[in-house]
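If you're matching them up, the sequences are chains A and B in order.
To convert, count from 1 in the first sequence and add 270; that's this note's numbering.
To convert, count from 1 in the second sequence and add 237; that's this note's numbering.
These aren't lab readings, by the way, just hints derived from the structure by calculation.
Accuracy of the hints is not assured; some may be wrong.
[Stated by the list, open to error] No farther apart than 20 Å at their CA atoms in a straight line, the calculated lysine to any residue pairs in the SDA-like style are these:
hint	chain 1	residue 1	chain 2	residue 2
1	B	Lys269	A	His367
2	A	Lys358	B	Lys255
3	B	Lys347	A	Ser438
4	B	Lys284	A	Gly344
5	B	Lys255	A	Asp427
6	A	Lys358	B	His328
7	B	Lys284	A	Ala387
8	B	Lys280	A	Gly344
9	A	Lys484	A	Thr402
10	B	Lys284	A	His435
11	A	Lys358	B	Val266
12	B	Lys284	A	Ser438
13	B	Lys251	A	Pro431
14	B	Lys255	A	Ala387
15	B	Lys280	A	Ser438
Since we're looking at a predicted model, the values are computed, not measured.
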Amino acid sequence: MASYKENRTAQIRLVSSHNEVYEPCDDSFALVDALLANRSNLLEHCPTMCMEIGCGSGYVITSLALILGRERGGVNYIATDINPNAVKVTRETLDAHGVDAELILTDIASGLENRLAGLVDVMVVNPPYVPTPEDEVGAEGIISSWAGGENGRRVIDRVLPVADHLLSEKGWLYMVTLTANNPSEICLQMKKKGYASTIIIQRSTEEESLHIIKFWRDSDTTVDEVTDQSLIGFLGSLLSQIPLFSLWRGSNSNDNC
Amino acid sequence: MRLLTHNMLSSNIKGVEKGFPLRIEAEKVVEKPVEMNADFLRKMFEKVEWKAFVEASRSMGYAQLPEEVDSGMLESDEFLSRFHHALLELHLEEGALVCPETGRRFPVNKGIPNMLLHEDEV
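So that you can see chain B by itself, here it is in the shape it has in the complex (with noise of 0.2 Å):
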């Protein structure tokens, strides 16, 4: 699971309101290089919850990313990389996400993070 789609991820569970982000425990991440796409990062870049995103990365051992942004970064070199990086190249492998507001734990297996509610849950 990359950082990408955690941003994208939030706690499901009837009644939650806060339920994003989900908090990261990190059990194994794997860094996965792969070929950076400028105008994707530009544009993804409008949709990322930026502060969750540090937050996430952080629990994923990457601390290079800044706190906060405008998007004049993007024309830095240097910036696009980190954010290529965090974004797509760190991948949990084994973990969970937590609930903010619950407490539950949704068990990341093999990259994929299972979001299946219990019957009590839906």
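Isolated chain A, as found in the complex (with noise of 0.2 Å):
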């Protein structure tokens, strides 16, 4: 399975790094392997145009296009963040890994929202979802990559209307999510805005669950009272209820992330 993935993904001996630019760790690697577990369907799809929103390390993108790869040419790939660090050290790892990608430096998809509207197929996100005091959200340097303001929302909730504007009919979104984030009232939102969802990864350690959710268009998806509740039911029971006030990246976590 290892040498499988090491074609098919980033290498991280060859993702660049900055010490203000977030690292790869497991909520990237659980994203990548959604999408690698999508691989067959994201081919069939043909997507023409896919972008990343908060590109941190490259690793994503690079994983995304290596994903896709040298069956499928023609595809344009966009990546953006706010973190001047980040796009720079996202040039030097798709680089490495001879893949390409326009790269944005900007907050979400200022500037691209009027004319790239209802174009993108494919959208990956891992958004700054850790709960944190709202005065980290958007703050300078690193602690962007991961401050989500109250409950772990202040970022994605900016993102969800964004992705609904630029997505084209057929469009896929994916995104990271915690638990504390409520994945299942996000779910809900989108629904009504038409999205039907479904969790391809989840992953829990001792203090949180990674779920990696899929959104896409489905012209079935209506919400009426008896839906709402088996909705929230079936998700409510699929997702492990945990103690929200435990940060991702806690103080005692032994990994390098």
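The two chains are supplied separately, each in an independent frame; assemble them into the complex guided by the hints.
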């Protein structure tokens, strides 16, 4: 499995780094694993325009480009980040793997919203999802990579309407969330905008659970009372209820993230 | 930054109504060949704002695009080749994108446009 993965995803040894840029961690790996798991669907989907919001080290966008790879010529990749060091590092990571993406230093997708509306076929986001004090949200440097404000939702709640605006009719959104972000409520919100959703990967530690959710437009998706309750009930039983106030990047964690 | 990306960018300054297209100030343009994909070009043809694209292409030193186009031209290898070259092979490495309404410059460094706004522009 390891060698199969090496050719298909970015290699850690080739991923560039900077002390103000989020290094690939369990959440990055889970998102890429979700994309890998969806590889044949993605290839069949024939996306023309793929986008990452918050590219950090470039690990995810690079992996996506490798996954979609040479078999699908004619895909355009765009990645954005609010951190100038992140876009710099992402360029290095892309170069090291022989793949390419257009990079833009901007807040979420600011500047792209008018012209790119309805054009993105695949969007991937590993947002700053950690519950933090509000004043850490968007702070300079590496803090902006994880600080998510109340319930870790501050940036997620800004990304979702942008994703809705940019995604094409056939567009897919893959997003990383924590249980603390209340993913079932996120899915319900997206349902009201006509999106179906599924959890592709769920990974739990003692402290928290990561959920990689995929959203897509589904004309059969309607919001009615019966469906709401069954959706919440289903998701509620699916997601483990873990105390909200521990951080994913806890001070006691042994890993280097 | 490729011209495809330029064609997708507009000025994000608060209150600006006519923020597209951004005017290009080219200081360093680099050509990087890349394999042509006709299907991709045909899809992009539908989305590209052609007048802005031709103008931008000229700013980058390439003047081989027709002023006006129709989808019939997609049958021509010559046209596809020029379209491909301008859309995907020309890179603005250093320069700026200028808001047509306010004149505000968004710098482009190492091929990356900086669209971050100052506090008073948000």
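Verification of the hints:
1. For the hint linking B/Lys269 to A/His367, the alpha-carbon distance of about 17 Å falls within 20 Å, and the restraint holds.
2. Taken as a hint, the A/Lys358 and B/Lys255 pair is broken in the structure, with Cα atoms around 30 Å apart against an allowance of 20 Å.
3. A C-alpha spacing of about 30 Å is found between B/Lys347 and A/Ser438, which places the hinted pair above 20 Å, so the restraint is violated.
4. Simply put, B/Lys284 and A/Gly344 have alpha-carbon atoms about 15 Å apart, close enough for the 20 Å limit, and the pair holds.
5. For the hint linking B/Lys255 to A/Asp427, the alpha-carbon distance of about 27 Å lies beyond 20 Å, and the restraint is violated.
6. For the given pair, A/Lys358 sits about 16 Å from B/His328 by alpha-carbon distance, which is consistent with the 20 Å threshold.
7. As the CA atoms of B/Lys284 and A/Ala387 are separated by approximately 10 Å, the hinted pair is consistent with the 20 Å bound.
8. Using a Cα cut-off of 20 Å, the hinted pair B/Lys280 and A/Gly344 holds, with the two alpha carbons roughly 10 Å apart.
9. A hinted pair counts as satisfied when its Cα atoms are at most 20 Å apart, and A/Lys484 with A/Thr402 does not qualify at roughly 25 Å.
10. Our distance criterion of 20 Å between C-alpha atoms is met by B/Lys284 and A/His435, whose separation comes to about 16 Å.
11. Note on A/Lys358 and B/Val266: the hinted pairing holds, with a Cα-Cα distance of about 19 Å set against a maximum of 20 Å.
12. Between B/Lys284 and A/Ser438, the direct Cα distance comes to roughly 12 Å. Compliance with the 20 Å bound is thereby established for this hinted pair.
13. For a cut-off of 20 Å, the pair hint linking B/Lys251 to A/Pro431 stands: about 18 Å separates their Cα positions.
14. At most 20 Å may separate the alpha-carbon atoms for a hinted pair to count; B/Lys255 and A/Ala387 meet this at roughly 17 Å.
15. As the CA atoms of B/Lys280 and A/Ser438 are separated by approximately 13 Å, the hinted pair is consistent with the 20 Å bound.
Checked against the numbered hints given earlier, this structure breaks hints 2, 3, 5 and 9; the rest are met.
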